[in-house]
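Chain A is already provided as a structure; the job is to place chain B on it using the hints.
Protein chains in written order, with our numbering: chain A, 9 to 493; chain B, 563 to 1060.
Simulated from the structure, these hints should not be mistaken for laboratory data. One thing to keep in mind: the hints can contain errors.
One side of the interface only, derived from the structure: several residues of chain B facing chain A at Cβ under 8 angstroms [to be verified]:
{"#": "1", "residue": "Pro609"}
{"#": "2", "residue": "Gly610"}
{"#": "3", "residue": "Val614"}
{"#": "4", "residue": "Arg617"}
{"#": "5", "residue": "Asn644"}
{"#": "6", "residue": "Lys652"}
{"#": "7", "residue": "Val710"}
{"#": "8", "residue": "Tyr797"}
{"#": "9", "residue": "Arg839"}
We treat Cβ as the ideally placed atom computed from N, Cα and C, and that holds for glycine.
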Amino acid sequence: MAEEIYKLSATEISSRLTAGKLTSRAVVEALIARYHQLNKKIGAFTSLDEKDVLAQADASDARRKAGKVLSPLDGIPVAIKENIAVKGQPLTCSSKMLANLVSPYDAHVVEALKSAGAIIYGRLNMDEFAMGSSTENSAIQKTFNPWDLTCIPGGSSGGSAASLASGLVPLALGSDTGGSIRQPASHCGIVGMKPTYGLVSRFGLVAFASSLDQIGPMARTVADCELLLNVLATPDARDMTCFDSTQRNQLPVASEKSLRIGIPKGLLVKGVGAEVAAATQAAIDFYKSKGATIVEVDLPSSDLAVPTYYVVATAEASSNLARYDGVRYGHRSANAKTPIEMMTNSRSEGFGPEVKRRILLGTFVLSAGYADAYYVRALRARSKIRAEHLAALEKVDMILSPTVPTPAFKVGEKVSDPLQLYLEDIFTIPANLAGLPALSVPCGKSGHLPVGFHLVGAPLSEHKLFAAAQLFESAHSFANQQPTL
Amino acid sequence: MSNEWEIVIGLEVHVQLHTRSKVFASSSWGFGKEPNEQVDPVVLGLPGTLPVVNREAVEKAILFGLVVDAEIPEQCAWDRKNYFYPDNPKNYQLTQKDFPVTMGGKVEIELPGAARNIMGEHKWIRLHHAHLEEDVGKLSHSGSGSLVDYNRAGVPLLEIVTEPDLRSSAEASAFLNALVAKLTQAGVADCDMEKGQLRCDANVSVRRMGDTQLGTRTETKNLNSISGVRDCIIYESKRQIAQIEAGHKITQETRGWNAEMSRGYVLRDKEDAHDYRYFPDPDIPTLKISRETVNRLKKHVPEAPFDRQRRYIEKLNLPYTAAAVLIADKALADWFEAAVAAHPTNAAGIANWAANDLLRELSAQSGTEVGSDETPAVKVSLDSCLIKPAQLAGLVKLTDEGVISKQQAKEVFTEMFSTGKDALAIVEAKGLRQNSDTAELEKIVAEVIADPAVAKSIAEYRAGNEKAINALKGPIMKRTQGKANPVMIDQLLRKLLG
Chain A
9 MAEEIYKLSA TEISSRLTAG KLTSRAVVEA LIARYHQLNK KIGAFTSLDE KDVLAQADAS
69 DARRKAGKVL SPLDGIPVAI KENIAVKGQP LTCSSKMLAN LVSPYDAHVV EALKSAGAII
129 YGRLNMDEFA MGSSTENSAI QKTFNPWDLT CIPGGSSGGS AASLASGLVP LALGSDTGGS
189 IRQPASHCGI VGMKPTYGLV SRFGLVAFAS SLDQIGPMAR TVADCELLLN VLATPDARDM
249 TCFDSTQRNQ LPVASEKSLR IGIPKGLLVK GVGAEVAAAT QAAIDFYKSK GATIVEVDLP
309 SSDLAVPTYY VVATAEASSN LARYDGVRYG HRSANAKTPI EMMTNSRSEG FGPEVKRRIL
369 LGTFVLSAGY ADAYYVRALR ARSKIRAEHL AALEKVDMIL SPTVPTPAFK VGEKVSDPLQ
429 LYLEDIFTIP ANLAGLPALS VPCGKSGHLP VGFHLVGAPL SEHKLFAAAQ LFESAHSFAN
489 QQPTL
Chain B
563 MSNEWEIVIG LEVHVQLHTR SKVFASSSWG FGKEPNEQVD PVVLGLPGTL PVVNREAVEK
623 AILFGLVVDA EIPEQCAWDR KNYFYPDNPK NYQLTQKDFP VTMGGKVEIE LPGAARNIMG
683 EHKWIRLHHA HLEEDVGKLS HSGSGSLVDY NRAGVPLLEI VTEPDLRSSA EASAFLNALV
743 AKLTQAGVAD CDMEKGQLRC DANVSVRRMG DTQLGTRTET KNLNSISGVR DCIIYESKRQ
803 IAQIEAGHKI TQETRGWNAE MSRGYVLRDK EDAHDYRYFP DPDIPTLKIS RETVNRLKKH
863 VPEAPFDRQR RYIEKLNLPY TAAAVLIADK ALADWFEAAV AAHPTNAAGI ANWAANDLLR
923 ELSAQSGTEV GSDETPAVKV SLDSCLIKPA QLAGLVKLTD EGVISKQQAK EVFTEMFSTG
983 KDALAIVEAK GLRQNSDTAE LEKIVAEVIA DPAVAKSIAE YRAGNEKAIN ALKGPIMKRT
1043 QGKANPVMID QLLRKLLG
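Only chain A is shown next, with the shape it has when bound in the complex (with noise of 0.2 angstroms):
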């Protein structure tokens, strides 16, 4: 059986400890001897302490012999993308710039996962500072798609999707600010969600664009992700963009009418490649089937939510990335003579190529005489795409579309066409825009490579969002699959 533990979900590793039939250092054991066989192949994981995780494991279990075990996640390993805090460990954002950095505290994510007894598991490739879309920015390695290792995993959380597709791991944490959890998660065939804008504390993600970013759960299964979310998902007074206890309480209504669903008017005509379209079709049917009642919705400005992001997100990243110049902490520079130099030439040399991209184009929209041009009108288009969404959830529970319009490309396909990359984001973008809760499923293949469906909802009804993804799942074979390494 040992050799069939990496299949588990998390949630079926739980039972079996309770049950007593499994030990979470069999479990670590198992998962060590995986990344030792794979990780070189499939480039998920940038570091493991293995000592550190056996311990952990081994605590676990003492704690399960003297029955104090803290929740159902306790002896559970989840890995953590570069960009999350966790004390003692490296926090590199998968940059040159970062790349000595050691964490002297914890994410709250991580605080959480430490309380409920959950094995912190291994670091996770990332583009770097998690800007990109394939893991390629990352200045540490490259990550491959366990299902075609000449394709991309999709990125940011490249490595967070790679790991569970390729049983390296569980459950892992990625984090999205327009898609990184879900684009991932769709081009890997697994189940990841972004959360409500404000559901998790920030505290400890290194910013990329603050009023985007959020941490979220990835997983296997549906169930695994939202066993993860309900960790995480706890007030903190370290974010005040965080939710407190009575905010969170706040919850939609459940509703006892049929599930509506909404589709954005002219979705699938969009560049959406032909077998995503029909998967994203047999979703809708097969909703159509269970009773849903399907509508389409109006999102006129969903043509603004790609622009409006690359300049509200890269405006707040040229703020966010600022603090990184060598004085303090990360790379400084060998050739400078003056303090302004030493942080001039840090930068030039710490970031890569798209995180200057990025740099620059934020600079540019906030810059004097440019800023109404650009950035407040972003903000004009967000609010409007925003009420948009509100407007056609009062009407839907829930708004359903493909997570991204093709599947995974091919390694360095992409690389020299940026513009081309930002459209992979074309339809998780919107929920970013208007802090809603979003969820990739995976829904079949195109050709040998998984797609997922998208699911957008109300603020706070992550609950809503994970019954219709567990009706679709339970009925398909697409959960837990991992393709023959």
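Positioned in the frame of chain A, the structure of chain B alone reads:
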């Protein structure tokens, strides 16, 4: 020249608020710590850290607004001011550009009078707004390189911006003195200029008397003393007038001030002005300011110093000088009022003791100089003062009732200051009680009058030389070991000499 030109001044005053922790982080702050001792991941801007607004700092800022009759908006918000400098940990500063914590407001100032004991002209200076921001660290250069200390980074800073209402360096000094009094008396800030707790930028322009258009202004940054502000305004206005009179135009520029040389210099002109790329900080949601909070804080607004001064002069009949001294220090004024409550019939007498003898002794004790230019508010501590207000009231009462003479009272006060004993106890212990026994005194006065040695003085007095009577008082005091009530002796002498 001074009749021909009008100087127009607006100030931006940066005040470190009196709070336990920093404005967006839990680190404490204060003076005299080792470099980088008062930092934490948020202060250092470590990746992943987020600011959390310090409620105490916001409430201090609101309290300031209430103290200066400002409008407290329903909400305030923070913006990022982006610029690169090694003392700025995030390379942006959190400040309030569009939604400051207070709007408007006014500060009453008093200009120097014609003499020390004559009240000067009063004037109101309008405020534009005040906003709450974070201080930056300190960069210093050593032979081997540059050093940064982030202890000051994140210290809550209230920037108070005036309207261009000030017309002279004297008005600017008076404004800063009045502002410091308000800030310290409400407990909003300590304003210790030697510790850099109050820094000032001065916007100065000049125009011909009668002109309605403002002249081109310059801004001189980072003046860290009231005398620096005064000197800079004098220098800068003279420079501008000389420029214009020589046919040159004033360049809109940012200037620095060399306090040692008393000279200004150009930092950067308009072309080199920074583009700060302001935008709303996405980490701090707009902060609602509830009316309950405002009403609660209203209870902590102390009486305005000049209202107090008017009350002392008009209701308590204090001379201007004593009133002016007392209102400069809220603790002293409160102390004074507690004493008056214990002996309400002679407030002026109590004020005389408090504003002169008590203050002098306290200053001597703490080694502080009274009333120098840099310490406009007399900084003495009443904490260590052994005399309680009711005890001083007791001393004044004993004097008023004629139990001791004014001369004896000085002796009692000195003893009281060093021991904290009640006046009556000191009087008894020292046997200082004044002799006011009419029969006994009349007997002694009669005996002295009968002494041939004073016959000449009596004759002179009777001939109309009023002062001659004093020659008789000495022998009477001698016979009573100085305890005779001088007022009674005077009356008895006049009675018996007819």
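Going down the list of hints, with the structure as the test:
{"no.": "1", "hint": "Pro609", "in the structure": "4 angstroms, holds"}
{"no.": "2", "hint": "Gly610", "in the structure": "4 angstroms, holds"}
{"no.": "3", "hint": "Val614", "in the structure": "6 angstroms, holds"}
{"no.": "4", "hint": "Arg617", "in the structure": "11 angstroms, violated"}
{"no.": "5", "hint": "Asn644", "in the structure": "5 angstroms, holds"}
{"no.": "6", "hint": "Lys652", "in the structure": "5 angstroms, holds"}
{"no.": "7", "hint": "Val710", "in the structure": "7 angstroms, holds"}
{"no.": "8", "hint": "Tyr797", "in the structure": "30 angstroms, violated"}
{"no.": "9", "hint": "Arg839", "in the structure": "4 angstroms, holds"}
In summary, the numbered hints that this structure violates are 4 and 8.
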